[in-house]
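Letter by letter, the chains look like this.
Protein chains: 2
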Amino acid sequence: MALRLYLAGPDVFLPDAPAVARAKLARCSALGFEGIFPFDVEASPSASGSFEDGVAIYRANLARMRSADAIVANLTPFRGVGADSGTAFELGFFAALDRPIHGYSSAAEDFATRMRVLVGDDGDSVVEDFGHHDNLMLGGAVAAHGQWVTVADGDPAAMAAFDACLAALAGNDGRTRP
Amino acid sequence: MALRLYLAGPDVFLPDAPAVARAKLARCSALGFEGIFPFDVEASPSASGSFEDGVAIYRANLARMRSADAIVANLTPFRGVGADSGTAFELGFFAALDRPIHGYSSAAEDFATRMRVLVGDDGDSVVEDFGHHDNLMLGGAVAAHGQWVTVADGDPAAMAAFDACLAALAGNDGRTRP
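Residue numbers (the numbering used here), protein chains in the order written: chain A, 1 to 178; chain B, 1 to 178.
These aren't lab readings, by the way, just hints derived from the structure by calculation. All C-beta atoms in this analysis are idealised placements derived from N, C-alpha and C, irrespective of residue type, glycine included. It is possible that some hints are incorrect.
Per label pair, the in silico range of CB-to-CB distance [stated by the list, open to error]:
1) Ala63(A) <-> Ser125(B): 25 to 31 Å
2) Pro15(A) <-> Ala19(B): 42 to 48 Å
3) Gly49(A) <-> Val117(B): 17 to 23 Å
4) Asp124(A) <-> Asp40(B): 18 to 24 Å
5) Val119(A) <-> Asp69(B): 33 to 39 Å
Derived, one-sided and incomplete: chain A residues facing chain B with beta-carbon distance under 10 Å [to be verified]:
6) Val12
7) Phe13
8) Gly49
9) Met115
10) Asp134
Isolated chain A, as found in the complex (with noise of 0.2 Å):
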C-alpha cells in the first residue's frame, strides 16, 4: 500500500492554490506515494466562514492527519520570519504520534539570521540561534523524525525543494518505489 503523505503548509493561502496542490499531489502518485493536501484541491479552498466553520476543518484536518502515514511540510518562511502557524501545529501532531516529519523550504537564511533582520540585533532582544532553519520545536523535530531539504530559489510553493525531499523519501535516488 502507498505511504500516505499529509502534505502540510501554506499552500492553500498561494494565489494558485489548487495547482500547487495538483503539481505535488502528481509528483507524489509519479513515486508511488499517495499525497494528501489539507483541503479539497479540486475545490477553491475557502479561507473564511463562521468561527463554527473554522472548527470543522480542524477537525477534518485532524482526521487527515490521523489517517496518514508521515507530514512533509513546506516550512518556507510565510508572512513572518517563520513558518506557517497552522503547519508549526501539524508537525507537533505528528511528533506526538512519533511518525515521521519532513521539511523542505526554498529560504536560504536560518531562522536566527532572519529573525535578527526583525528585531536587530542590539543584544536587548533574545534571539534563538541554534543553526536550525527555525524555531528548535521546528528544526528539532525534523531533525529528530526525518530529514530537511532546501533549494534556495524563493519560491513561496518550493516545488524544488519539494521535488527533493520526495526523491529522498522514495530511496536517495527519485527513482519509482517497487
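Dock chain B against the given chain A, drawing on the hints supplied.
Leaving out everything else, chain B in the frame of chain A:
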C-alpha cells in the same frame, strides 16, 4: 495530585523571562496546580548553542509535554501576526494526545484583522477569516479541547489573561481548588 500544566508561550524570549516564569509558577501553585515551564526558570535560559544543543532542548521539551496533563499557552502574537511557532507546535502535540488545550492572549484583534494589516486587503492575498484569534488550527484546537481567554492589555507576558485562564480552570471562581 496536582494537575500538571505545561506553560507554553514565547515567555522564554522576553527580556524578563525568569521573573515572568516564576510569577506564573507561583500563580499555579496558589490555585493548586503544578506548572511546568519549557526551560529552567532558575537559570538564564539559553538561546543559543550548537544544532545538537537545539535538538536536545527539543527532546527535553517533548518529555516535559508528555508528563503534563494539559497545556496552557500564551498565544499573544509574538514578532509577527500570530503566536510563537514553537508554541503552535506544542498545541499540535497536545491535540494529538487528546489532552486539554487552553489559550490566553493580551491582543484584542482577531487573526484576520492582524493579517490584513500585514498583507493588505487588495483581494489578491488570501486571508483566512473565521473569526478566530489565530490560524484556525490553533483557534480550532483551543475551541475543541479547552477554552480561550483574552485580556486585551497588550502585555507580552499576558499575565492578566493567564490569571483569568487559571481561575477559570480552577472552577470559574478563581478560588483555591479543594
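So, going through the hints one by one against the coordinates:
Checked against the hint of 25 to 31 Å, the pair Ala63(A) and Ser125(B) passes, with Cβ atoms roughly 29 Å apart. Range check, Pro15(A) to Ala19(B): Cβ separation about 45 Å, and the 42 to 48 Å hint holds. Hint check: Gly49(A) to Val117(B), Cβ distance near 21 Å, so the stated range 17 to 23 Å holds. Range check, Asp124(A) to Asp40(B): Cβ separation about 22 Å, and the 18 to 24 Å hint holds.
Between Val119(A) and Asp69(B) the C-beta distance comes to about 34 Å, which sits within the given range of 33 to 39 Å. Interface hint status for Val12(A): upheld, as the beta-carbon distance to the closest one in chain B is roughly 8 Å, under 10 Å. With a least beta-carbon distance of about 5 Å to chain B, the hint placing Phe13(A) at the interface is held under the 10 Å criterion. Hint status for Gly49(A): holds, given a least beta-carbon distance of 5 Å to chain B, under 10 Å.
Checking Met115(A) against chain B by beta carbon gives a least distance of about 7 Å; that is within 10 Å, so the hint holds. Among the interface hints, the one on Asp134(A) holds; its C-beta lies about 7 Å from the nearest C-beta in chain B, closer than the 10 Å criterion.
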